[in-house]
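Colleague: Chain by chain, the residues run as shown.
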Amino acid sequence: MLKGGLNLTNRPAYSQLVKDLRSGKFVLTGELEPEKVTSLDEIIISAKAMKPYVVAANVTDNPLAFAYMNSLVPSWVIQKEVGLEAVYQMTIRDRNRLAIVSDVLAASYLGIKNILAISGDHTVLGDNRGALSVYDLDSAQFVYLLHKMIDEGVDLAGNEIHGKVGINVGIAANPNADPLMPEVLKIGRKTKIGADFIQTQTMFDIDKTKTFLKEVEKYNCPVLVGVFPLKSFGIADFFDKNIPGVKVPPELLASMAKAKEEPDKERRSALYDEVNLEFFVPFIKEIRKTTKASGIHIMAVLYERIFGPLLENF
Amino acid sequence: MIITKAKPEEELNEMLKPYEKLFVVGCGTCSTSCMTGGEEQVAEMVKKLGDRAIGSAVVEDPCDLRIARKELKEFKAKVQGADAVLVMSCGAGVQTVGDYSKKIVLPALDTLFIGQTERLGKFHDVCKACGECILDETGGVCPVTRCAKGLLNGPCGGQVKGKCEVGKYENDCAWVLIYDRLKEQGRPELFELFRPPRDNSKKVLTQHHVF
Ligand code: SF4
Ligand code: SF4
Numbered sequence: 012m013l014k015g016g017l018n019l020t021n022r023p024a025y026s027q028l029v030k031d032l033r034s035g036k037f038v039l040t041g042e043l044e045p046e047k048v049t050s051l052d053e054i055i056i057s058a059k060a061m062k063p064y065v066v067a068a069n070v071t072d073n074p075l076a077f078a079y080m081n082s083l084v085p086s087w088v089i090q091k092e093v094g095l096e097a098v099y100q101m102t103i104r105d106r107n108r109l110a111i112v113s114d115v116l117a118a119s120y121l122g123i124k125n126i127l128a129i130s131g132d133h134t135v136l137g138d139n140r141g142a143l144s145v146y147d148l149d150s151a152q153f154v155y156l157l158h159k160m161i162d163e164g165v166d167l168a169g170n171e172i173h174g175k176v177g178i179n180v181g182i183a184a185n186p187n188a189d190p191l192m193p194e195v196l197k198i199g200r201k202t203k204i205g206a207d208f209i210q211t212q213t214m215f216d217i218d219k220t221k222t223f224l225k226e227v228e229k230y231n232c233p234v235l236v237g238v239f240p241l242k243s244f245g246i247a248d249f250f251d252k253n254i255p256g257v258k259v260p261p262e263l264l265a266s267m268a269k270a271k272e273e274p275d276k277e278r279r280s281a282l283y284d285e286v287n288l289e290f291f292v293p294f295i296k297e298i299r300k301t302t303k304a305s306g307i308h309i310m311a312v313l314y315e316r317i318f319g320p321l322l323e324n325f
Numbered sequence: 140m141i142i143t144k145a146k147p148e149e150e151l152n153e154m155l156k157p158y159e160k161l162f163v164v165g166c167g168t169c170s171t172s173c174m175t176g177g178e179e180q181v182a183e184m185v186k187k188l189g190d191r192a193i194g195s196a197v198v199e200d201p202c203d204l205r206i207a208r209k210e211l212k213e214f215k216a217k218v219q220g221a222d223a224v225l226v227m228s229c230g231a232g233v234q235t236v237g238d239y240s241k242k243i244v245l246p247a248l249d250t251l252f253i254g255q256t257e258r259l260g261k262f263h264d265v266c267k268a269c270g271e272c273i274l275d276e277t278g279g280v281c282p283v284t285r286c287a288k289g290l291l292n293g294p295c296g297g298q299v300k301g302k303c304e305v306g307k308y309e310n311d312c313a314w315v316l317i318y319d320r321l322k323e324q325g326r327p328e329l330f331e332l333f334r335p336p337r338d339n340s341k342k343v344l345t346q347h348h349v350f
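Quick mapping for you: the protein sequence lines, in order, are chains W and U.
When you read off a place in the first sequence, starting at 1, and then add 11, the result is the number in the numbering used here.
When you read off a place in the second sequence, starting at 1, and then add 139, the result is the number in the numbering used here.
Note that these hints are calculated values from the structure, not bench results.
Among the clues, some could well be false.
[Claimed, not checked] Covered stretches of chain W, as calculated for chain U (at least 3 residues, CB under 8 angstroms):
{"#": "1", "region": "131-139"}
{"#": "2", "region": "146-157"}
{"#": "3", "region": "176-186"}
{"#": "4", "region": "190-200"}
{"#": "5", "region": "203-215"}
[Unchecked claim] List time: in silico BS3-like cross-link candidates among lysine-lysine, alpha-carbon distance up to 25 angstroms:
{"#": "6", "chain 1": "U", "residue 1": "342", "chain 2": "W", "residue 2": "252"}
{"#": "7", "chain 1": "W", "residue 1": "225", "chain 2": "U", "residue 2": "300"}
{"#": "8", "chain 1": "U", "residue 1": "342", "chain 2": "W", "residue 2": "219"}
{"#": "9", "chain 1": "W", "residue 1": "221", "chain 2": "U", "residue 2": "302"}
{"#": "10", "chain 1": "U", "residue 1": "267", "chain 2": "W", "residue 2": "219"}
{"#": "11", "chain 1": "U", "residue 1": "342", "chain 2": "U", "residue 2": "267"}
{"#": "12", "chain 1": "W", "residue 1": "203", "chain 2": "U", "residue 2": "322"}
All residues carry an ideal CB built from backbone N, CA and C; glycine is no exception.
With these hints in hand, go ahead and build the complete structure from the sequences.
Modeller: Structure representation (C-alpha cells):
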C-alpha cells in the first residue's frame with residue numbers, strides 16, 4: 012500500500028483561475044446550478060451576468076444529491092457561448108473510476124481547465140433516495156486519479172492516455188467542521204496528492220473562517236472562501252435547515268425574516284439586498300484584509316444582481 | 140455475529156400464501172442469539188402456521204452443509220413432503236438448506252449485517268466482509284462499514300459535531316471516531332496516511348475460499 016505524500020511534478024497553471032491565484036491576485040469565482048431542466052437559457056443569462064466580476068464559475072454536479080442536468084455540458088456551454096471559464100464540479104457519488112476517466116477525457120476535449128473533485132452529498136439526502144451511492148473512490152483517491160491522468164498521462168491501472176489532460180484540480184473544504192482537526196488533516200492529505208486550489212463551504216462565521224485559514228496555511232494551497240448571499244428568506248431558511256454543518260447566523264436570519272414582511276416585491280428585493288450587503292461587504296473586506304485567503308467563491312445562484320453592489324469596492 | 144430481523148408480518152404472509160405445507164427450520168447459532176430463529180421463535184412460527192406447519196427443526200448451524208445434512212436427516216420425509224421450507228436464519232442458512240434439500244426455500248428473516256452486540260436486541264453494523272481488513276490502520280474502527288460513504292480517506296464535509304450527515308446526525312462520523320481513537324493511542328500519524336484506491340476485483344473474484 013502506498014503511504015504518505017507523493018512526489019508531485021510541478022503542475023502548470025492550465026486555467027486562468029489558477030494563473031490568477033498563482034499571480035497573487037485576489038480572485039473571485041461564481042457558481043451556476045443547472046437544475047432538472049432541458050434548457051440552458053437561464054444558466055447562460057446567469058453566466059453573462061456574473062462574467063464581469065469573476066474569473067471562473069463553478070458548475071454544480073447534482074448538488075444535495077438531486078438529479079439535475081450533468082455539469083459538463085453547461086461547463087462547456089458557458090466557456091463557448093459566454094467566454095466564462097468553468098470549474099467543472101464532479102462528485103464520486105455518481106461515478107466509478109471508469110466513469111471518471113471517461114468524463115475527464117471528454118472534459119479535456121471540450122477545453123475544460125478546472126475540475127472540483129468532491130465526494131458529493133449522500134444519496135439519502137437527495138431527491139432519489141433509493142439510489143445506490145457509488146463511492147468506488149473517495150475524493151482523495153479522485154484527486155490521485157486526476158494527478159495520474161494530468162501529470163503522468165495514465166489512469167489508475169496505469170493504462171496510457173493518448174493526448175494531454177491539461178486541467179487544474181480543486182478540492183472542497185468545510186471550515187465549519189466540528190471537530191476541525193480531522194477536516195484540516197484531510198485537506199493536508201489531499202493537497203499533498205495534487206490539489207491546485209481549495210474552495211470552502213459557505214461561511215458566515217468570520218472566526219471559524221480565520222481559524223481554518225490559519226490551520227491550512229502550512230499546506231501552501233490557495234483558498235477561496237465560500238460565501239452565499241441569500242436571495243430570499245426562503246433560501247436562507249432552507250440553507251439553515253438543510254445544508255450539512257451550515258448555520259445562518261440568527262441575526263442575519265431575523266433581518267431576512269423582517270425583509271420578507273415587506274409586501275411590495277421590488278422594495279422587498281431591495282431590502283434583501285441591503286441585508287446581504289450589510290453582512291457580506293464587511294465580511295469579505297475582513298477576509299481580504301486580515302487573512303491569507305486567495306479569494307472568494309460567491310455562490311449567488313440566481314442572484315447575480317448582488318455581484319455589482321457586493322463587489323464594487325474591490 | 141450475523142444479525143437478522145424478522146420480515147414484516149404482511150410480507151411474510153404474502154410470501155407464504157402459495158404454499159400449503161411448510162417445514163420450518165431454525166438456527167441454533169446467530170439467529171438464536173438474535174432471537175429471530177431460535178427454539179422459541181420457531182415454536183411461535185409453528186403455532187402461527189397451525190396445520191400448515193408439517194414439522195420443524197432447529198439446526199445448530201444451518202449454514203454448514205454438513206451439519207444441515209446431518210441434523211435434517213431424521214426429518215427427511217417431512218422436508219421432502221413439504222411444499223416449501225421456511226428457514227429462520229441468515230441468507231447463508233437459507234441457501235444451504237436449499238442446496239441440501241433442493242426444495243423451495245423461503246427466508247423468514249431479513250439478513251442485516253455482521254454485527255457487534257451491545258446488549259440483547261441492540262446490534263451495530265461493523266463489518267462488511269470487504270476482504271482486506273485495515274482495522275490495524277484505523278484504530279479498530281471500520282470506515283468501510285461505519286462511514287456511510289465507505290471512505291478510506293475521510294471525513295467528508297458532511298460531519299457535524301462528530302455526527303454523520305446520513306441518518307439525521309444521529310450516527311457517529313466514523314472518521315471522527317478514527318481520529319479520536321488514533322490520537323488516544325498515540326498514533327495520530329496513521330490518520331494522515333493516504334490510502335490508495337482498493338482493488339475491487341479481489342472481492343468480486345472471491346466467491347469461494349478453500350484452504
Ligand atoms: S476493513 Fe471493515 S469491512 Fe473490511 S474486513 Fe475489516 S472490519 Fe470488515
Ligand atoms: S460524515 Fe463521516 S461517517 Fe458520514 S459519510 Fe462523511 S466521513 Fe463518512
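Colleague: Does the alpha-carbon distance linking residue 342 (chain U) and residue 252 (chain W) stay inside the 25 angstroms limit?
Modeller: Violated: residue 342 (chain U) and residue 252 (chain W) sit about 39 angstroms apart, past 25 angstroms.
Colleague: Taking 25 angstroms as the top limit, are the C-alpha atoms of residue 225 (chain W) and residue 300 (chain U) close enough?
Modeller: Status holds; Cα separation ~20 angstroms.
Colleague: Take the region 131-139 of chain W, compare each residue's beta carbon with every beta carbon of chain U, and decide whether three or more fall closer than 8 angstroms.
Modeller: holds (count 4)
Colleague: According to a criterion of three or more residues whose C-beta lies within less than 8 angstroms of a C-beta of chain U, is the region 176-186 of chain W covered?
Modeller: Coverage by chain U holds here, the residue count being 3 at a Cβ distance below 8 angstroms.
Colleague: Need the status of pair residue 342 (chain U), residue 219 (chain W): alpha-carbon distance at most 25 angstroms?
Modeller: Measuring from Cα to Cα gives roughly 42 angstroms; hence the hint is violated.
Colleague: Taking a Cβ-Cβ distance under 8 angstroms as contact, does the region 190-200 of chain W have three or more residues in contact with chain U?
Modeller: Satisfied; 8 residues make the cut.
Colleague: Is the Cα-Cα distance between residue 342 (chain U) and residue 267 (chain U) 25 angstroms or less?
Modeller: Roughly 11 angstroms separates the two Cα atoms, so the pair holds.
Colleague: Please work out if residue 203 (chain W) and residue 322 (chain U) have their alpha carbons no farther apart than 25 angstroms.
Modeller: holds (21 angstroms)
Colleague: Verify this for me: three or more residues of the region 203-215 of chain W with a beta carbon less than 8 angstroms from a beta carbon of chain U.
Modeller: It holds, with 3 qualifying residues against the three required.
Colleague: Mind taking a look at whether chain U covers the region 146-157 of chain W? Criterion is 3 or more residues with CB to CB distance under 8 angstroms.
Modeller: With 9 residues in contact (Cβ-Cβ under 8 angstroms with chain U), the coverage given for the region 146-157 of chain W holds.
Colleague: Is residue 221 (chain W) close enough to residue 302 (chain U), meaning Cα to Cα at most 25 angstroms?
Modeller: holds (23 angstroms)
Colleague: Hey, residue 267 (chain U) versus residue 219 (chain W), does the alpha-carbon distance stay inside 25 angstroms?
Modeller: violated (36 angstroms)
Of the numbered hints listed earlier, those contradicted by the structure are 6, 8 and 10.
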